[in-house]
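Chemist: Residue strings, one per chain:
There are 2 protein chains.
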Amino acid sequence: MTARILDGRAVSAAMLERVRREVAEFVDAYDRTPTLVTVLVGDDPASHTYVRMKANRCAKVGMDSRRVELDATISTETLVSRLRELSADAGVDGILLQHPVPDHIDERAAFEAIDPSKDVDGVTRTSFATMAFDEGGFRSATPGGIMALLNAYEVPLAGKHAVVVGRSPILGKPVGMLLLARDATVTYCHSRTADLADRLAEADVVVAAVGRPEMIRGDWIKPGAVVVDAGYADNTGDVEYAAAAEKASFITPVPGGVGPMTIATLLAQTVGAARDHEATR
Amino acid sequence: MTARILDGRAVSAAMLERVRREVAEFVDAYDRTPTLVTVLVGDDPASHTYVRMKANRCAKVGMDSRRVELDATISTETLVSRLRELSADAGVDGILLQHPVPDHIDERAAFEAIDPSKDVDGVTRTSFATMAFDEGGFRSATPGGIMALLNAYEVPLAGKHAVVVGRSPILGKPVGMLLLARDATVTYCHSRTADLADRLAEADVVVAAVGRPEMIRGDWIKPGAVVVDAGYADNTGDVEYAAAAEKASFITPVPGGVGPMTIATLLAQTVGAARDHEATR
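These protein sequences, in sequence, are chains A and B.
Counted the way my numbering counts, the first sequence spans residues 887 to 1167.
Counted the way my numbering counts, the second sequence spans residues 887 to 1167.
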């Protein structure tokens, strides 16, 4: 068997086309353009690239974007106060704080300075809990993108055993909660898991969210499993792709799987935020 | 093998004695008494009993308690505004909204009207996320009590496989997140789990949090597992006790296991809240 590709490029293109139409309708209705602000602290080259990509995608769907670039040496307090200003600014619909921030900054304090109504990247405590409690609200962008990709291929989840490898606050933990909300049995594995191969042998759905190239071996995958690889380091995913693709029923390529879905989810949530802001004005 | 008892009565008694000393120290230091407000909507007899028990325990440790009793027919809006008043009242340290509320009330809206600094029962989105992100803050009372009980017996959790049966927002979901923070591999099972017996056969730690008497059979328990039964209906737990006790290394009785730990955790968090309030005045 060779797995069918979960084609994030194709699915995200359709999603961005829908966002483009929604932006046009929004501009018609409210005579203003939805606006995403990206906040970048320091000068990590990869982060610069990600922020630039997001700005380009905004432009393509007709959305405005603003870049706020801050010196690597700023304090948590300064960052928090900038994020609060943006949260209070009626011209801003969505705020994205590019991850990671420099070590000396309290990232959680910064995230919590983002008003939940503008948290289109789904990083606040409020967004996490609304995901966990299946209450709507914004999703962390990558987990939301993964769910949209699985939906696009009508991958069944109810009653299936999903194993999430990784437990970060904006990727592993929320994607597990979203899978649980779809009635999957969900197992969280991580660096301290004693018997990862045994856990994966039982997984109908694997979500790899670690960021360690090829740490998940292809022969650990259960025949017919669905493999979602959200890891990305040195242009390689967390899963040994070729070997896994021999066993899986569906698999995401890296790149071209989860990555494009993340940006599409971010932009879809930004236009959603803009509509919510108009509805509550 | 017969399991060792995880004796919630004994552990909670020691915890309450510690709370009693902390309350006395607090009164000495600040010349006021920590105060818990319980809010009860409607006249469910079991809820009345629980609220009375909590008030009695407050009295025993020297804490004040106030009971707010509201008619079963009140609206969500009225309940929310009462909870907001209590949240703003400097004489109130902790607020507990007795669960369940009548069906017509939006329980989530009510929970969110409790200020996180007074959420000593750990029901708000903020408390859930701080548990999930291992950031401190208040724990849901039963999950917090379960962790305190496991700690008291020095049950090892890192690298162990913990299976949580149940996924409610104030019990199953948070206890799984607390176990994950202690480096357990965590599996969430629930009503849609296809193969519960198979999942439990691999569990080093089982937390049963369903409320369906004896739905977990004793012969499903792995030899040597630690069994925590947080279910309670008709004076019976979720686990077939006698058969499970033959196989487990540790087990909670019902009653006398998790139940007393819940109240002790609630009161410990209330005196903690009172100290926090004084520290930030």
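Be aware that one or more of the hints could be misleading.
[Unchecked claim] Here's a subset of chain B near chain A, in silico, CB distances under 8 Å, partners left out:
id : residue
1  : 1045
2  : 1053
3  : 1055
4  : 1073
5  : 1098
[Said to hold, decoys possible] Restraint ranges, calculated between C-beta atoms of paired labels, are given here:
id : chain 1 : residue 1 : chain 2 : residue 2 : range
6  : B       : 992       : A       : 900       : 30 to 40 Å
7  : B       : 1081      : A       : 932       : 50 to 60 Å
8  : B       : 995       : A       : 1165      : 12 to 22 Å
9  : B       : 1081      : A       : 896       : 28 to 38 Å
10 : A       : 935       : B       : 939       : 52 to 62 Å
11 : A       : 975       : B       : 1162      : 40 to 50 Å
12 : A       : 1044      : B       : 960       : 28 to 38 Å
13 : B       : 953       : A       : 932       : 50 to 60 Å
14 : B       : 917       : A       : 1044      : 50 to 60 Å
15 : A       : 1021      : B       : 971       : 17 to 27 Å
16 : A       : 946       : B       : 1103      : 49 to 59 Å
17 : A       : 975       : B       : 953       : 39 to 49 Å
18 : A       : 955       : B       : 986       : 42 to 52 Å
[To be verified] Covered, in the sense of this in silico footprint (three residues per stretch, anywhere, with C-beta under 8 Å from a C-beta of chain B), are these stretches of chain A:
id : region
19 : 912 to 922
20 : 1011 to 1018
21 : 1071 to 1082
Keep in mind that the hints were calculated from the coordinates and are not lab data.
Every value quoted in this text rests on a predicted model; they were computed, and no experiment measured them.
The beta-carbon is built from N, C-alpha and C at its ideal position, and this holds for glycine as well.
Chemist: Evaluate each hint against the coordinates.
Modeler: Here is how each hint holds up against the structure:
At its closest, the beta carbon of residue 1045(B) sits 5 Å from a beta carbon of chain A; the interface hint therefore holds under the 8 Å criterion. Because the beta carbon of residue 1053(B) sits about 6 Å from the nearest beta carbon in chain A, less than 8 Å, this interface hint is met. The beta carbon of residue 1055(B) comes within 5 Å of a beta carbon in chain A, closer than 8 Å, and the hint placing it at the interface holds. Contact between residue 1073(B) and chain A, as hinted, is supported at the beta carbon level, the nearest pair being about 4 Å apart and thus within 8 Å.
Interface restraint check for residue 1098(B): the shortest CB-CB distance to chain A comes to about 17 Å, outside 8 Å, so the restraint is violated. Separated by about 35 Å at the C-beta atoms, residue 992(B) and residue 900(A) satisfy the suggested range of 30 to 40 Å. Checking the proposed 50 to 60 Å range against residue 1081(B) and residue 932(A) shows it is violated: the Cβ atoms sit about 42 Å from each other. Between residue 995(B) and residue 1165(A) the Cβ separation comes to about 18 Å, which falls inside the hinted range of 12 to 22 Å.
In this structure, residue 1081(B) and residue 896(A) meet the distance hint of 28 to 38 Å, their C-beta atoms being roughly 34 Å apart. In this structure the hint that residue 935(A) and residue 939(B) lie 52 to 62 Å apart at CB holds, the actual value being about 59 Å. As the Cβ distance of residue 975(A) to residue 1162(B) is approximately 32 Å, the hint placing it in 40 to 50 Å is violated. Take residue 1044(A) and residue 960(B): their Cβ atoms lie about 36 Å apart, and the range 28 to 38 Å holds.
Evaluation of the 50 to 60 Å hint for residue 953(B) and residue 932(A) yields a pass: the beta carbon distance comes to about 57 Å. Checked against the hint of 50 to 60 Å, the C-beta distance between residue 917(B) and residue 1044(A) comes to roughly 57 Å, which is consistent with it. Under the hint 17 to 27 Å, the C-beta atoms of residue 1021(A) and residue 971(B), about 25 Å apart, fit the expected range. Hint check: residue 946(A) to residue 1103(B), Cβ distance near 57 Å, so the stated range 49 to 59 Å holds.
One distance hint, 39 to 49 Å for the beta-carbon pair residue 975(A) and residue 953(B), holds here, with the actual separation near 44 Å. In this structure, residue 955(A) and residue 986(B) meet the distance hint of 42 to 52 Å, their C-beta atoms being roughly 50 Å apart. Coverage of the region 912 to 922 of chain A by chain B is violated [criterion: at least 3 residues with CB-CB distance below 8 Å; count 0]. Residues of the region 1011 to 1018 of chain A with a Cβ under 8 Å from some Cβ of chain B number 6, which satisfies the need for three, so the listed coverage holds.
Residues of the region 1071 to 1082 of chain A with a Cβ under 8 Å from some Cβ of chain B number 10, which satisfies the need for three, so the listed coverage holds.
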